[in-house]
Amino acid sequence: MEIDPVCKMKVDPATARHTTEYRGKTYYFCAPGCKKAFEAEPEKYLKE
1 MEIDPVCKMK
11 VDPATARHTT
21 EYRGKTYYFC
31 APGCKKAFEA
41 EPEKYLKE
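So that you can map any letter, position 36 of the sequence shown is 36 in full-length UniProt numbering, and since no number is skipped, the others follow by simple counting.
Heads up, some of the hints might be wrong.
What the hints assert, rightly or not - Pairs of lysine-lysine residues, derived as DSS-like cross-links and limited to a Cα-Cα distance of at most 25 Å, are as follows: (1) Lys8 / Lys25; (2) Lys8 / Lys36; (3) Lys25 / Lys10; (4) Lys36 / Lys47; (5) Lys10 / Lys36; (6) Lys44 / Lys8; (7) Lys10 / Lys44; (8) Lys25 / Lys47; (9) Lys8 / Lys47; (10) Lys47 / Lys10; (11) Lys25 / Lys44; (12) Lys25 / Lys36.
Said to hold, decoys possible - Now the in silico label distances, taken between C-beta atoms and shown as ranges: (13) Glu43 / Ala14: 24 to 30 Å; (14) Glu2 / Lys47: 14 to 20 Å; (15) Ala14 / Glu41: 25 to 31 Å; (16) Glu43 / Thr15: 16 to 22 Å.
Please keep in mind that the hints were generated in silico from the structure rather than gathered at the bench. For each residue, glycine too, the CB sits at the ideal point set by N, CA and C.
Can you make the complete structure from the sequences, with help from the hints?
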């Protein structure tokens, strides 16, 4: 399981519908809103 960097929910990479690549790493999201928030300010969510 992966952790959604925005809301901290567990996401199964095998079934995740919302993903993005940032600095060579794939991030998985529970919903399109979390993906959009991350893509707008990725460093904000990676600092935590």
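Violated constraints from the hint list, given by number and in increasing order: Hint 16 contradicted; others consistent.
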